[in-house]
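Colleague: Here are the chains, one letter per residue:
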Amino acid sequence: MIKHLIVTLALMLSQVASAATEREIVEHYAAIAHAVYGDSAAAAAQLLNSVDALLSKPDENTLAGARSAWKAARVPYQQSEVFRFGNPVVDDWEGRVNSWPLDEGLIDYVDDSYAASLGNIAADMNIIANPHIDLGGAVIDAAQISPALLEDLHEVGGAVANVTTGYHAIEFLLWGQDLNGHQAGAGQRPYTDFVVGEACSHGHCERRAAYLRAATQQLVSDLRYMASQWAPGNTANYRAELLSLPPKQALARIVKGMGSLSLGELGGERIKVALEANSPEDEHDCFSDNTHWSHYYNGLGIRNVYLGEYQRRDGTLLRGPSLSAAVAAVAPQVDKQLRQDLDATMAELKTLTEWAERPAAPQKFDMLISPDHPEGRALLTRILQRLEQQTRSIEQAASAINVNANAS
Amino acid sequence: MLYLSSCRAVLARLLVLPFSALTVLSACSPSPEPRLLASVVESSVLPAYFTYKQASENLVVASRAFCQAVDEEHMESVRQSWRDSASAWAGPQVMPFGPVTEDNISWQVQFWPDRKNLVARKVEALLRGGDEINDVSLAQASVIIRGLSAAEYLLFDVKGGQLAAYQRDSGAKRCALLQTIADYQQNIATRLYHSWDADGGNYTATFTRPGPDNPDYPDLNLAVAAIAESLIFGAELIKRDKIERPMGLDRESPLPQPYLVEWWRSRYSREMILANLTAMHRLYSGDAQEGLAAYLAAKGHAKLSQEVDEAFQRALVAVNALDSSLFEVASDPRGDPRVTRLYVTVSELLTLLKRDLPKALNITLSFNSKDGD
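Residue numbers (full-length UniProt numbering), protein chains in the order written: chain A, 1 to 408; chain B, 1 to 373.
Source of the hints: derived by calculation from the structure; they are not laboratory data. Just so you know, even glycine gets a beta-carbon here, dropped at the ideal spot from N, CA and C. Hints should not be assumed to be uniformly reliable.
Derived, one-sided and incomplete: chain B residues facing chain A with beta-carbon distance under 7 Å [said to hold, decoys possible]: (1) 107; (2) 128; (3) 142; (4) 364.
Put together the whole structure using the sequences plus the hints.
Modeller: As structure tokens, then:
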């Protein structure tokens, strides 16, 4: 009898606990989003400092400094992408900051081998070389390169490859085209492309510098805007909207973001297309060859959200109420399986980074997708299988706590 | 499993109430889900793969004949065989379950959208290169040049797909590639058909007999969900990829992107959507007594069953009303209100399927490869 009473009490308590926890999970999810976008904005602000250093004194060192600041800026941002697909505020905004692949001839000079999207009327527009742009009769005044001008020209002509802003536009300006195909090597833009005066290479260095600065400024302000959408204590931002939803619906958004990034975006668009088509132009960070880290941090972002964890740029660890704990409370096996799957994916993604970063004969993503690289193909295929497997486990976990990702 | 055990309980009660024995027996033996699954295979899956296999055999024959007699008449005959193959592929394209999901087969048949014109660039690079073209070299090459997309380029492109391109010195190599692609496609189509066939891989048995020992379908609901997910996948594919993006309807002020239209080189987008919708409608209706429509009605959702059918009818009427390909419409600044009408009807169909069907069938949809960007 007493035993029964204790069991009943324990059940009641756990139900009370889980009812409180669902909202807490959503609150903590929002706290991670706030931190990750805050970190992204701070890292972008550091990138802007490095860009200013490059532009005030262009040389090998300052160019290298700007490039490493760009790579550092990708670390938090790629972890933020798990917030994208479930939350309309992110999905509607995302094209401004991380759109790819781009027809880079829109922005600057390109090699003769450049192949743009079919039918893209602006594919060779070269904003940097042209203070006046004639677009099918309508003349655009591009004398002053400002964030506002870049915003106007983003997706000009309706082509999604006409990307004027965001990480990849900046990446192109810092590295230039990667003309090495499946061979070793990233873009080789010389620092002299930013030297104003006689030493300027490829012309229009002043406008190129203005473009780089405007695009980086825009990135900082876009990321600050997104961080503010997740800030606590504001009744009119997206965080407030998310918390006003029935908790099950908010949880559905969380799960939708995890599953969509895992299977369709990272697995499909970012790995499978490039791999199956053997197409370096479909590589995510194709100018810098930083793709391995971008994929790694996408994977980590999914894991973060499930475990309710995020390690900030300053090293502090954010930890709180998690989906994992909620699933474990009702279906420990399902939770264990998903945690194992997430770890297995991260192990393969770590291998991807190790191959790319090894000192002797590094194997970057664009080399792995060559038809003549069976080991590369095998590694990427394993990553695809892991992503597929973890997505199925995400579905199981959602179902264990009665969350339907389609009802987000 | 649950269904069987409840059947057993009913059967036990039969001993007490013998007068209702006949009705109850007919209701639970065999249970409706296996009948539904068998009917889907019989009326949709096997015919779709059989048609695709036949079309691919005809494409091989027509390609051979053309390469032996390079003239306008034979080229037109290969083009027609290509169109028939594309229409036949429209069935498997909207049934993404079973063996077609392995080895990335759908990409080996069709690479689209091809924003950066990779099909043309890779085909021409292969033809320029020194490598011999045969089934082995094709199987090692990019998926892009193995399928109907590359064949479409070789048959319809304004430069690379004209008779003149086959009459030059390099024409023999071009024809060899066309024949090798046709052979490769026939191989895929034959494999797919046999993988379902009871005398071959018999995936039919896997699909129609869910159970705890069946790794693909451990329970009945998952197999039923595969049918519903196919319909939703098809409606999403038509709405988003075949209409919304090429017509630029995903933007505030629509700016059409004609080169995102499916099969733009052959101007075959309209026929493809028609063939998709026909295959989906068939998948939904099945045989009059045993299809998903009848199953829904028997489960107490007669109204929804009827509504979905009507939504299919409206979409079919709308696509039949078009008289040109979407490439032409997208290239014409005046547009065409009939495309907007088709878009609206397909969107309504999708809403019904996505919002109401899972609830009625008591299934949860899984993530699919289209959930990304």
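Colleague: State the violated hints by number, sorted upward, taking the hints as numbered earlier in the document.
Modeller: Going through the list in order, the structure violates hint 2 alone and respects the others.
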